[in-house]
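Participant: Chains as they are written, first to last, in this note's numbering: chain S, 1 to 161; chain D, 1 to 364.
The set of hints was computed from the structure by calculation and includes no laboratory data. As the structure is a computational prediction, the values presented were derived from the model and not from experiment. Check each hint, because a few of them may be wrong.
What the hints assert, rightly or not - Looking from chain D toward chain S, a few residues come up when the C-beta cut is under 10 Å (computed):
| id | residue |
| --- | --- |
| 1 | 104 |
| 2 | 171 |
| 3 | 184 |
| 4 | 302 |
| 5 | 342 |
Beta carbons are placed, not taken as given, at the ideal position from N, Cα and C, and that holds for glycine.
Here are the chains, one letter per residue:
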Amino acid sequence: MLEKTGVPTPAQVEAVKPSPERLTEGPVVIVECFQEIPCDPCYTACKRGGFLPFADINDLPRMDFAKCNGCGICIGACPGLAVFVVDETYAEDKALLMIPWEFLPVPEEGNMVKGLNREGDVLADVEVKKVRSAGSHNQTSILTLIVPKKYAHDIRSIRVD
Amino acid sequence: MNKAEILVIGSGPAGLKASLSAADQGAGVTLVERDPFLGGQLVKQTHMFFGSKEQYASERGFKIAEKLTAAAEEHPGVRVLKGAAALGYYDDNVVTLELKGRVLPVSYDAMIMATGAQENTLMFPNCDLPGIYGAGAVQTLMNVYGVLPGKRVAMLGAGNIGVIVSYQLLQAGVEVPAIIEAAPEIGAYHVHASKVRRMGVPIYTSQTVVSAHGSDALEKIIMVELDDSWQPVPDTERELDVDVLCIAVGLTPLTEILFQAGCEIAYIPELGGHVPRRSAVMETSVANIYIAGDVSGIEEASAAMVEGTIAGLTAAFNLGYGRDSYEQKIAAANLELDALRKGPTGEKIRTGLQNLKKTGEVRQ
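Hey, can you work out the whole structure from these sequences and the hints?
Facilitator: Here it is in structure tokens:
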């Protein structure tokens, strides 16, 4: 499916999710990288050991979720824009979701935007809680969104109307 | 006559790295570029690059171009000639350039060809209507000159170029109603495909464009589904209204001058067509002519940079420079290249290089 449509299967998405226990402990990274390509900046970006060492640059990222504090530094380092951070502890029925964003306009904090799934369909209106730059040498923005908890693992992009 | 110790033709990732690595070893380099700026295709690449730190992973292509261009222009060992097109090869190590309307012959001790590749196109009825572009042209319009190519653009080809240019079109505010790919699977890195898909762009595999329509310019295309043998499936034709069709169906190495110089050439489809036979350190079959980058086989820019390094080091070494450090630097570069080509996405290039090798050893 991924190789025909660009959309990963539910099984692929499930396989890279942290455990339910880890998700209840606070923000944690989710890396939706399913194809072995020659690329390793996620591993070199993380100074906490959250990414296990690459034996080969073509390896898929393998995680040590216990060492990840959800800082999101790897989000801006990933050329494939395949890294997200989810914090399910934010509120009863809301989660925080960090996504990379490379379009104009860059929304402002407090803006309401459309939350899109992996196929670009609108799932919900979501609030932009925080906007930060991925770094002085990197034009990617990192958005923190307040999303319905039930969509924390489905919303992966936004549309600014 | 103008003399160049090492003449490098083309200033894309391969040519820039070749120039810098040869000059760092102490050789005198003349770097020739047809465009008025250095960087080749890198200048149009607004996305972050893959690879590893050694190949500037996570940096955007145009930023890599800025870095390498500054390094080349500031290097005392590199003379840069911009706006100079290589015209042809002559015996006794001479290449003619066209510079400011004049023909300039340059003689060299060694030459590194880093001319890159040209885009392939497709033939179908009305494929010459205004509004039908190569993906490289669309990138040049948008990212070099700031000109929007159209309002609603269909992309033909879901390789890395097709999908990346689609993403750049979206960033420029252009609607992309379809990415169309004749092959049954997406050729691009899947992460690239996912990032356009989640912006709502559908990717249609096993489909192609059979004709274009419009009175003065493109108004619509006709798409069709393809069966397992790539033949149109009857009654699956449908129309799509677009004002631009962008064609991204592969690249062909630019080998004309190497043909002219008498370099042995082999036809290796996996490498993009006709490519020069070469040694492991990028020597062609003609003495003192080296190659690097897409002219030696279509591959990613990361690999082109490493090939450039290898060609530059070897050309310098054969002229007597960097004798002490050569082996060690080549070994390090080979490790990088092997790593880049090792995974499943490197299979095509590995097959191509094996098939090229089967044509025999290169002897100068």
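Participant: Does each hint hold? Answer for all of them.
Facilitator: Hints, one by one, checked against the model:
1. Hint status for residue 104(D): violated, given a least beta-carbon distance of 38 Å to chain S, over 10 Å.
2. A distance limit of 10 Å between C-beta atoms decides the matter here; for residue 171(D) the minimum to chain S is near 6 Å, and the interface restraint holds.
3. Restraint check, residue 184(D) versus chain S: the minimum CB separation of about 7 Å is within 10 Å; hint holds.
4. Taken as an interface hint, residue 302(D) checks out: its beta carbon lies about 7 Å from the nearest beta carbon of chain S, inside 10 Å.
5. Restraint check, residue 342(D) versus chain S: the minimum CB separation of about 6 Å is within 10 Å; hint holds.
The structure does not agree with numbered hint 1 stated previously, though it agrees with all others.
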